[in-house]
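Make a model of the complete structure from these sequences and hints.
Taken in order, the sequence shown gives residues -18 to -1, 1 to 212; the numbers are from mature numbering (1 follows the signal peptide of the UniProt record, and there is no 0).
Calculated directly from the structure, the hints in this document are not laboratory data. Errors might be hidden in some of the hints.
Pairwise CB distance ranges, derived in the manner of DEER restraints [as the list claims (entries may be wrong)]:
(1) I71 to E126: 35 to 43 Å
(2) S212 to R74: 55 to 63 Å
(3) P154 to A61: 25 to 33 Å
(4) P129 to V67: 35 to 43 Å
Just so we're clear, the structure is a prediction, and the values are computed from it rather than from any experiment. Where is the CB? At the ideal position from N, CA and C, for every residue including glycine.
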Amino acid sequence: MRRLFVVAAVLCVVIVLAAALQGAATFTAPRWDTSWRIAPSDLPERPAFDNADQSASPAPTPVHGAAHVNPLLVIVVLALIAVVVLAYILFRLRQRTPRRFTTSLTGAPQGDGGEVASTPAAEADVPPAVIRRGIAHALVQIREERPPGDAIIAAWLGLEESAEDSGLHRRPAETAAEFTAAAIARLGAEHEVRELLALYQGVRFGGHRATAADVVRATAYLETLRERWS
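What follows is the structure, given as structure tokens:
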């Protein structure tokens, strides 16, 4: 699908650019057909002039307009190129959004004990009561009768609410998912946070069709988090 999009965009640019390079249409003076002749006897007699050597006026010279590039077409080409580039950038960003969320946990530098490197949110004094309340709310959400995907999304959003209520300040470049993961992660619970985040991202952004088994896994991860925060 991506290759088809790029090829179509390139073809559009080439077609419009070719039309621009042809220039605007030009028109020349009329060209008369002089292949036919009139017999001299059929011509009327011309009156004599005193100035016999008066020269005839020169024949008009055909005007040939020089080919030039239409400025309007150049603007159209540049605008089309800008739109194509912008659409491609947005397409790439949309594909990389779930992966970027996971980077803070899976790709971050790790300490000597293998724990996820701490962030300003993780280093701060996180109120345990707020996080415990958020985990309990997430467990209620995931156990309600609803489609598996909706249950997983609702559970993670419950964790995000508790992270926001904790009083911690999110960095400008930090996403809500990264902020929540850093707030609820504790030593020994990084694996559960990573798996919960991966499930949430897969369902909401990656097109993953969640199953009942995914709900069971997410519930187990939340139970482990509740034990870590008890």
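For this session: Go through the numbered hints given earlier and state which of them the structure violates, listing their numbers in rising order.
Result: Number 2 only.
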